[in-house]
Amino acid sequence: MATATVRPAADTDVDDIVRIQAQTWRAAYTGIVPDAALDGLSSDDARAAWTDAVHAGDGFHVLVAVEGEHTVGFCAAAYYAGTHGASIAEVSTLLVEPRWGRRGHGGRLLATAAAALRGHDAEQGRAWVPERDEASRRFYARAGWEADGAVRTLDTGDGTVREVRFVGTLALELSD
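Going by our numbering, the sequence shown opens with residue 1, and the numbers climb by one from there.
Bear in mind the hints are in silico, worked out from the structure with no lab data behind them. Even for Gly, the Cβ is constructed at its ideal location relative to N, Cα and C. It is possible that part of the hints are untrue.
Claimed, not checked - DEER-style ranges, computed between Cβ atoms:
no.: 1; residue 1: D148; residue 2: H120; range: 36 to 42 Å
no.: 2; residue 1: R47; residue 2: T169; range: 14 to 20 Å
no.: 3; residue 1: A10; residue 2: T83; range: 32 to 38 Å
no.: 4; residue 1: D15; residue 2: G82; range: 29 to 35 Å
All chains, full assembly: derive it from the sequences and hints.
This is the structure:
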């Protein structure tokens, strides 16, 4: 295997992020997420949103997984300092292109995001996963995260997607 790394995203990564999200969601979420929502993932609006995310700063982290010269996955995570000690450390998106799966990229992305969130003194994280996405549910479970019973339904404008919340420690370390 070529050298695999995770690094902060830059403007030059936005097209890869858009491509990875569109391809991966098409592969994983066709039949779960309405087609119109999937079609919007490669729009100019999507590119603008990811460009803004790369520059968000102040607790927002967009990371890319790279193998050799190929960008193969990405993760967006954020820390929100709430009022009265109610802060949130959240992995909002973690995707690896299916053809690059099972090579440790997801684990590296999650561990790097966890370290970034710990930098804000967070100890616990959360991630929302489509209820029918068994692969992501298994991924978070292998990392020691578990569904806590919370659910939400997102309105995509063309339908709804039910998600379950996974929570877990941010004290994640990569094993050799």
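Each hint tested on the structure:
1. D148 x H120: 36 to 42 Å: violated (21 Å)
2. R47 x T169: 14 to 20 Å: Once the Cβ atoms are compared, 34 Å apart, the range 14 to 20 Å for T169 and R47 is violated.
3. A10 x T83: 32 to 38 Å: Taking Cβ atoms as reference, A10 and T83 lie about 33 Å apart, which means the hint holds.
4. D15 x G82: 29 to 35 Å: holds (34 Å)
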